[in-house]
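Engineer: Using the sequences and the hints given, assemble the complete structure.
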Amino acid sequence: AQSVTQPDIHITVSEGASLELRCNYSYGATPYLFWYVQSPGQGLQLLLKYFSGDTLVQGIKGFEAEFKRSQSSFNLRKPSVHWSDAAEYFCAVGLRDDKIIFGKGTRLHILP
Amino acid sequence: GAGVSQSPRYKVAKRGQDVALRCDPISGHVSLFWYQQALGQGPEFLTYFQNEAQLDKSGLPSDRFFAERPEGSVSTLKIQRTQQEDSAVYLCASSSYSGGGDTQYFGPGTRLTVL
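Residue numbers (the working numbering), protein chains in the order written: chain D, 39 to 150; chain U, 6 to 120.
Just so you know, not all the hints are guaranteed correct.
Said to hold, decoys possible - Which residues of chain U face chain D? A partial, calculated answer using Cβ under 10 Å: (1) G47; (2) D61; (3) S100; (4) Q109.
Don't read these hints as lab results, they were simulated from the structure.
In this text, a Cβ means the ideal position worked out from N, Cα and C, and glycines have one as well.
Structural biologist: Encoded structure:
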């Protein structure tokens with residue numbers, strides 16, 4: 039069955055430090071992969087997506103993610119976080135029938 | 006703005022009441038999705054429309070849940086005889102075409118609390 043695992047429920051980093059949020063997926067076919075961000079009281083905003091081609095994907099707000107087929111991973115990275123990046127981050131896999139399966143999310147805390 | 010809108014933003018219901026949640030997708034978007042997000046969890050798929058056709062309702066948790074999109078635009082998610090376990094944020098999303106993997110744009114959600 040299709041699934042998405044985000045092993046870290048909470049991550050705390052200092053402002054200006056680098057960030058990596060982990061994501062592993064299980065899906066039989068070539069996946070569509072997404073990272074969404076959700077701020078309190080806000081809807082989900084798409085950060086970036088992978089469909090095919092270049093395995094390093096650039097997104098908004100300085101985020102990037104790398105698709106590694108051999109590891110079934112799609113980790114999200116940012117070289118230097120800002121206090122405004124504090125939010126919940128969801129990794130997701132898109133299926134051929136248009137459904138999206140989400141992970142449980144990683145809550146990012148930023149230390150000043 | 007031109008994004009997905011949902012109403013009401015907050016709904017408190019007594020157990021046993023019926024509720025109706027509305028979603029206005031982005032104009033012209035073919036596909037519309039409903040998700041349920043319990044506290045501390047990721048969104049979970051409920052149902053999916055392509056225009057007015059409900060193509061998948063496999064995620065609806067019980068027959069108390071019903072969704073419609075009669076004119077292929079606005080959609081309503083109805084929950085009959087609400088139970089406490091129905092308390093969650095209900096998210097609506099739309100996408101411009103049906104092709105698998107298309108970007109879904111999410112609304113702010115409706116937070117339902119069942120007392």
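Engineer: Against this structure, judge whether each hint is valid.
Structural biologist: For each hint, the structure was consulted:
no. : hint : verdict
1   : G47  : holds (3 Å)
2   : D61  : holds (7 Å)
3   : S100 : holds (7 Å)
4   : Q109 : holds (6 Å)
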